[in-house]
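Numbers given in this note's numbering equal positions in the sequence shown, counted from 1, plus 801.
All clues given are correct.
With a straight-line cut-off of 27 Å between C-alpha atoms, the simulated DSSO-like cross-links for lysine-lysine are:
1. K1309 to K1272
2. K1029 to K1045
3. K1160 to K906
4. K1034 to K1045
5. K906 to K1120
6. K1172 to K1190
7. K1309 to K1298
Ranges of calculated distance between the beta carbons of each label pair, as one might list FRET restraints:
8. E1147 to S938: 28 to 34 Å
9. Q1263 to E896: 44 to 50 Å
10. A1193 to D1129: 37 to 43 Å
11. E980 to Q1091: 17 to 23 Å
12. D1129 to A966: 47 to 53 Å
13. R1366 to T833: 36 to 42 Å
14. E897 to A1116: 31 to 37 Å
In short, the hints are calculated from the structure, not lab data.
Computed from a prediction, not measured in an experiment: that's the story for all the values here.
C-beta: ideal position from N, C-alpha, C; glycine also.
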Amino acid sequence: MGILPVSPSPGGETMRKWISIMSSLLLLIVLTWGTWWVVQTKRPPGAMTPLEAQGMDMSVMKPPRGAFPVGIEEVQPRPFLPSVAYPATFRAYNEEIIRARITGKLVEARVYPGDRVRPGQLLARIEPEEYQALAQSAQGSLQAAQAELQEAQSMTREAESALQAAEARLQQAQAEVSEARQMLQAAEAELQTAQTELEQVETAIRSAQAEVEYWQAESDRQNALLQKGFVSKRDAQAAETRLKQARESLQSAQASRRAQLSRIEQLKANREAMRARVQRAESAVRAIEQEVQAAAARLQAVRARRQRAEAQIKAEQGKKRAAQLQVDYTRLVALNPGTITERLTEPGTLVQPGTPVFKLQNTSQIRVQAKVAEQDAVRIHEGYPVWIKRYAEPNRIYRARVSAVFREADPDTRTMIVEAVLPNPDGRLMVGEYAEMRIGLRLQATRAITVPQRAVQYDEHQRPYVWVMEKAHRHTSAPTTYYCTMHPQIEQDHPGKCPICKMDLVPKEQPADYVARRRRVQLGLSNGERTEILSGLVPGDQVIVFGFATLTEGDPVFPTEWTARGPAHINPPQFQPSQSSHGGHGH
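Let the hints inform the model, and build the full structure from the sequences given.
Pasting the structure below:
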């Protein structure tokens, strides 16, 4: 027979469970009593248990009056340039669509979207043979016109020489006419003189004839008287002698008359010869004048021919330029540096004038544009400073000047566009990128009183004010009351410890050297960080720029250094609690 297993007794198992439970309870009681003993005997003064901390009403805690640390800034005039900031967009300096300017087949495209190109770079070609043939024909016509002009210029020179020679001969002939006329005038004058002298001789002859007749009669009378014996022979001979003298005088006058007549005939012949010479000279002048007229007409004709040749050359040069331009238009080149953004026509396509082939953006310079509110834009003028901050480079500021202000406001947004231009030689600035544009509202900084913008507050009527720190007027006669900041109901007139939390009692009214006062101000312009104060502050005023959020009029304050974490000291210099007072409320 096999051996049967023995089952455990139910009573023994129950006993072991009760022993385990009682051991756990005993351990819990020991731990609880130990924790209570440590809390009651080892915690620092003022420390509370978690239950006390959870049940405590923190709203009854009151810090000592005068424990308001503030950060201050002394107001002094300083260089200030007001500005406004607006979102801005980067745009290409210009966007160029490269179009075909002639009809032809696009035979080659050398660039693709994304390629950077330089001015004059060949981008594509249109089939050029037809336009090259037209250019060669225009060149031949131009050479023919130039040959015609050279011939016309040669003929013009010849005609000018012939005209100059004819004019020289005309001047000589005119001089001969003048000389002949002068000689004719001299001959006529000499003839007139001879005729006058002839008249004088005629008068002398008449006088001599009268004298002869008189003495002839006297001689006859004397001879008759001599025959009768009335006069002497001597008297008759005297009359005869006088008659002979008178006849000689008459003969001499008659000889002079014949000589003068001969001279007059000679002078008349000379005068006729001078007249003939004048006529010949005048005829020569008229003939040469006709030659001059003919030479001038010929010169005018050849000059007209030269002008026609010159006009023809200009026309042919225009045709050649037009033909050469058409040849040049077979080469599509970039006019500006930039980036190809799109290719709009593929090789093999028959293009027409105006067909778009490429789209090019010039990014060597970037236009930065901001939509500025009308009330700010009216203060902005060309040349005002600009600071641009890219969102991709938050620590870098680009400086520029306002290049343009588009004064026509958008009727929907009531904004105007303000533009500045930035150089972009390395292509760092991207078209379409967003940035912040800060625009100066003056040409340069001027000295002004300013405060940080955060220091400006507004009352219930939206009137601006700032907090200033002023000297306090102390009253030393009032007694000092000490109290517990954790249990404000504990008060006494001397230092001590709180009977509840064992913390040191502190003065309820901490004496203060300064108080906070509200000062209404008139605001000027701002630069986003600082605001111009037009009135309300004077140099030397201490403006509270930190710690004014909970201040009321007349609150005691003390200045302290202000860091990113808050005030460097939370108690004024004359009240620095002991180390034990910082124990706080432990948990």
